[in-house]
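Undergrad: Protein chains in written order, with the numbering used here: chain H, 21 to 336; chain R, 21 to 336; chain E, 21 to 336; chain X, 21 to 336; chain U, 21 to 336.
Keep in mind that the hints were calculated from the coordinates and are not lab data. For glycine and all other residues, C-beta sits at the position ideal for the given N, C-alpha and C. A hint or two may mislead.
[What the hints assert, rightly or not] SDA-like mimics (lysine to any residue), calculated; alpha carbons at most 25 Å apart, straight line:
| id | chain 1 | residue 1 | chain 2 | residue 2 |
| --- | --- | --- | --- | --- |
| 1 | R | K104 | H | R103 |
| 2 | R | K104 | H | D97 |
| 3 | H | K104 | U | E101 |
| 4 | X | K104 | E | A163 |
[Stated by the list, open to error] The following residues of chain H were derived to be distant from chain U, with all beta-carbon distances above 12 Å:
| id | residue |
| --- | --- |
| 5 | L123 |
| 6 | G172 |
| 7 | L239 |
[To be verified] So these bits of chain H aren't anywhere near chain U, every CB distance computed over 12 Å:
| id | residue |
| --- | --- |
| 8 | G63 |
| 9 | K67 |
| 10 | A168 |
| 11 | R186 |
| 12 | A235 |
| 13 | M256 |
| 14 | S314 |
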Amino acid sequence: MIVRPRPSWVGLLFARRGSLMPRIAGQLFLVFALSCAVVVAHGTLFKWKVTLTAAPFSLMGVALAIFLGFRINASYDRYWEARKLWGGVLIETRNLARQALTLLGPASPAPAGTSAPAIGADVREFVLALAGFAASMRNQLRAQPADAGLSGLLAPELLQRLPGLRHAPQGVGLWLGQRMQAWRTQGRLPPELARVMEESLDRLMGLLGGCERIANTPLPFTYSVILHRSAYCYCMLLPFGLVDSIGWMTPLVVGFVSYTFFALESLSDEIEEPFGMQPNDLALDAMVVGIESSLRELLGETPPPLLQPDDQFLLR
Amino acid sequence: MIVRPRPSWVGLLFARRGSLMPRIAGQLFLVFALSCAVVVAHGTLFKWKVTLTAAPFSLMGVALAIFLGFRINASYDRYWEARKLWGGVLIETRNLARQALTLLGPASPAPAGTSAPAIGADVREFVLALAGFAASMRNQLRAQPADAGLSGLLAPELLQRLPGLRHAPQGVGLWLGQRMQAWRTQGRLPPELARVMEESLDRLMGLLGGCERIANTPLPFTYSVILHRSAYCYCMLLPFGLVDSIGWMTPLVVGFVSYTFFALESLSDEIEEPFGMQPNDLALDAMVVGIESSLRELLGETPPPLLQPDDQFLLR
Amino acid sequence: MIVRPRPSWVGLLFARRGSLMPRIAGQLFLVFALSCAVVVAHGTLFKWKVTLTAAPFSLMGVALAIFLGFRINASYDRYWEARKLWGGVLIETRNLARQALTLLGPASPAPAGTSAPAIGADVREFVLALAGFAASMRNQLRAQPADAGLSGLLAPELLQRLPGLRHAPQGVGLWLGQRMQAWRTQGRLPPELARVMEESLDRLMGLLGGCERIANTPLPFTYSVILHRSAYCYCMLLPFGLVDSIGWMTPLVVGFVSYTFFALESLSDEIEEPFGMQPNDLALDAMVVGIESSLRELLGETPPPLLQPDDQFLLR
Amino acid sequence: MIVRPRPSWVGLLFARRGSLMPRIAGQLFLVFALSCAVVVAHGTLFKWKVTLTAAPFSLMGVALAIFLGFRINASYDRYWEARKLWGGVLIETRNLARQALTLLGPASPAPAGTSAPAIGADVREFVLALAGFAASMRNQLRAQPADAGLSGLLAPELLQRLPGLRHAPQGVGLWLGQRMQAWRTQGRLPPELARVMEESLDRLMGLLGGCERIANTPLPFTYSVILHRSAYCYCMLLPFGLVDSIGWMTPLVVGFVSYTFFALESLSDEIEEPFGMQPNDLALDAMVVGIESSLRELLGETPPPLLQPDDQFLLR
Amino acid sequence: MIVRPRPSWVGLLFARRGSLMPRIAGQLFLVFALSCAVVVAHGTLFKWKVTLTAAPFSLMGVALAIFLGFRINASYDRYWEARKLWGGVLIETRNLARQALTLLGPASPAPAGTSAPAIGADVREFVLALAGFAASMRNQLRAQPADAGLSGLLAPELLQRLPGLRHAPQGVGLWLGQRMQAWRTQGRLPPELARVMEESLDRLMGLLGGCERIANTPLPFTYSVILHRSAYCYCMLLPFGLVDSIGWMTPLVVGFVSYTFFALESLSDEIEEPFGMQPNDLALDAMVVGIESSLRELLGETPPPLLQPDDQFLLR
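Excised from the complex, chain H in its bound form (with noise of 0.2 Å):
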């Protein structure tokens, strides 16, 4: 588990984690210019002085403070959904993992008791392959190459197929699926107790046709449209509206509305895509990690080191 330092309330003023600054920094100074212009030439736009006052952003900043709430909250949403399902895969590998591992009758007759039996390698390579079915969502996910990472994780025959598939991850279920039919053949895995694991590897492919739909079908484009126009006409207004009551403290009250705005805007829209690379989407590549760990540690060895957060505690 990642102990993250909480910063004070002084160094939360000034933290960098996950900044937003590089994205909105140009916006910004746009905005605040505008304003000094907006100042220096008394609220007046070619000699015509622009009678704005501050009612009418009144009226309109609660509407478009609701409007950017409705889309955070929608764009968090599709965020913590996608969360919750990539802790649903380590949720069902790991149980796939547990039943391969205590389900199956020995392949060979062995002395039953309450102790552990030896792993096969069959079982070992049915829960290495629940990791690399992880791994090869996450490819898919961030349109990776489909067989980044994955060696040693998939059986050889396995990976060569996968580059050639279109649904890569599913190919790889298939397999797991065929798998558990040939132990249900052997009779080592009785079909009362097959159902269990179908109905685990079900759930599986389920939490990775909730991935897609969240990667194929984003918030309604128009809805991000409608907003952002209406923020910057905000934005861009503002200074006229309140350059006749409050003079030069203009530059400071606009860059601090627009700031919270844009910043804000900028965020849902990260989180909105949550599988890409961007510093505050999930870190699929340290989850895939935790996964192989906890799959490894399942059968006996030694698991692979964890990602480490960077400078910033960020993962990727």
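Since the structure of chain H is provided, determine the placement of chains R, E, X and U on it from the hints.
TA: This is chains R, E, X and U only, laid out in the frame that chain H set:
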């Protein structure tokens, strides 16, 4: 997986993808023209000064935004639930296909082993009928002919019967159940494992029922009417409330407020009925092809080409 | 599937479908008349000037909107959950019907094959009793006579017993379970497959329990009272706060504000009890006919005609 | 089903059902008296003019409403989840009763048929113990004596043991499981069908655990404290902010604002602990009787009379 | 069940239970002092008059409240989901214990009957290991030594192995599965009933995975940063906006606003990581004891004393 380019913040201001402008341009123009007329007439109507100030609009603006926010939320929930249901169709058809490929005993005695057995004609017919189920479901939800796009997926005698059925997809479901019954009576599918497939089929039919629910029961119509009326009254009266304080900026502010309200209302209206053919509705055609692609790859066949998005990166 | 015409934005302003006007007209008129009186009296009450300004209404307006928004949300959740439960009744009755048609072994030896076997009289009786279950559930939720609309669906000896039962739908459920028991003891339904049907029946009974929960437990009544009182005080005091600044526009603005509040409160009130007979309640009659239609088609019979919406596109 | 009269809009203003007035009258009076004093003193406190305007209250009012709205939401979620759990108890006890009535083989050989077999004494004892489980659960949640209202429902030797148990309802659950074990070892319940009942019992015990969770873990207490303090400061300072502009209307407006805030806070407080005995809490007694009524009718016995609501249409 | 006294409305104003004051006192003092300085300097900063009015704060205040409301919501969801997961641990360990007590056939032939059979040593070891699982889960979530508080609950050879494991609780889960395997191979647990226990164990492991997910994935850190910065800027600038209109009331109002914002932010911060040791975090120690108490009572043993809350009615 379709990689959609994400526009920069400038590009986002001018994005046309799934634009709602054609739907709301007339209304926006009307409000804009009214605002100009109000400014020219200095807020008088038939020589009578309309004594409105910004205060009442501040009262109502927030309320409107909250109620509209609720409608967006409810509409998006319908949209996303519909998407989840279709994601479930992909999951369950895949699971049923994998089960048919691995749970069935051989039609004729064959040497069992870990290698995948050859796929029988009846299994292939079953797997393709799963893709046919998805297509049939789309046809019903979009009120298209019951056999559109189904040739090659369903057995001919089933395909012929479909146009005469009022509930065509459930007819396909019954056919799938009868096929499983035949396997059971032939002794190829032991009862313990038959349950796995029966339960997957139950879930698949449940997804159909869920989509029918969304298609048949709209949001309470009265709610849309109340909101629509309130938003229009608001935008029509707003110029009278602003003209005295901001003069010629009135049309700009009113246009801006109206754009946000009308566009969000219009988007809610589109995604509220997610199975339609409007730009922001669900891409059912693309999903049906995706399901067929997935199932054919499980059969070891070459999957059909996926649908390509149009120049606005939209799919049907 | 009912294709409801979607009115244009102009049509939407004057739509009558499910209108709430009859319910709120009296209250609206009262508030409107009061406003006019306040304007005529220049905001004095019994010669005493009521010194209200718009500021306190701004305070309370947002709070009221938030609380009312919560109520709409909670009412709609009840409505939509009730709809989901009824959607579940369609799903589970269909599943039970399909199971009865495909899981049962033949009553008398018959040649097994992939073709559908002829449907036995006891199976037909079982499937029609499923439609009877739905009708019985509607009768209970709407406090109608326990045997209304049930002739032809339930076995006569069961139908006779219904009016004497306090919990009639569960009596139908018990009958369904006894029928399954008979098949099991006759050896036509092996225990492994009996479980599939038992679990479907469990879920069906769970849907009944869910609807009873919604019908028996309203929203906390006190919540409605608090909101109702606050909204009325607000609308009654509002004219005094506005009359000094907007004069004769007061009745218009107060009417507009009141319309939005009263109409939303009234709509919440209707959909809060979704099993009633008001225009915006659930169309239970139409759903019961839809379930019967679906089940009869599974039996290969001609389904009954669906209910047609009235001139306002509403169903009962 | 209890038909509650729905008051008209006038009746709603004066409804007393579940009134919170007794709880908040003292606080309301205090705030009202303070407001009058402030008006009399023209907003001075110990000769020092309190220079407050409405502006800061506008700032805080919305924030308070949002935070209070969140608390209402969270409290109502607890209330409704508790109601769902109790609805589940009705569902699962009914299902277990139906299963006991239809899944068990005969105790002694009897002619099998479609007619319902006579109900054995042990089955009757089991079904009544289900009603006893619900009563025992209520006793625990309300901290009542463990055997209150249980005579006639539980077997005497079990009833005697209850007061000595810290977790009485789980003792009843264990007894139910042992009874099922006896049927299994007697060969009356085949293992495949025993699973159906075991899973129902698991769910029933899960509902107990869910209620214990709600009863044992309140909303974070600090949250209530923060809100309570903020609401009180707000209402205490408000007269100073309003007195200069609205004079003698101050007590009315402050009373109105305080009523809404205090009443909603008080209601949240009641429904936050839904198993209590306050007027707006869940009617556990009525639900326990409803469960017994339902189970006795399944046994073919005359159900006990349902509890009748009091003159305010409230149940305990 | 712990009966927590509910303070009266006066007591609530001064409640110390779980107080956040120690965490926010410094910040509150800073803001208060700044406000006083601003009043003394009449809103000038280094001789330069800061020309701020209340209007921009009205704009931002609502937006801040909405965004902070979202954060409270998301944090509370994490807290409550974590509580549900731990509630599930109680439920599933109880169910597994009941199953071990009633589903297992006798180790040695014994007369079967309706009376409860004596509990074997291996069953007792299994049931206590379930309590050990819960304790091990707590140790992992709180980064405590893997064997803390486990002596007497786990078999010695398992206990010794725990500190060497990276994923200790899953090691306990594997041991539980192996014990069930032994019962199966001994013929004491028929495969049909073994499934019930396997599925309960799967769910138990799923609860572990859910807690790991919450512990490993915080809310997007950037979100906290944006909110924190905005709230601080807001509270720091607010005195300048208020000083001209409300003079010496500025420190009071600013302190009041800051208290609400800081306290809610601080509370969100605490419950966002619900497995910590802060006053408002989940009482894992108490829950582990509660689970042991419940399981020992099922075994017929005297349960350990429950943890008692401290003088603030808080548990750890």
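Undergrad: Going through the earlier hints one by one, which of them does the structure break, listed in rising order?
TA: Failing hints, ascending: 5 and 14.
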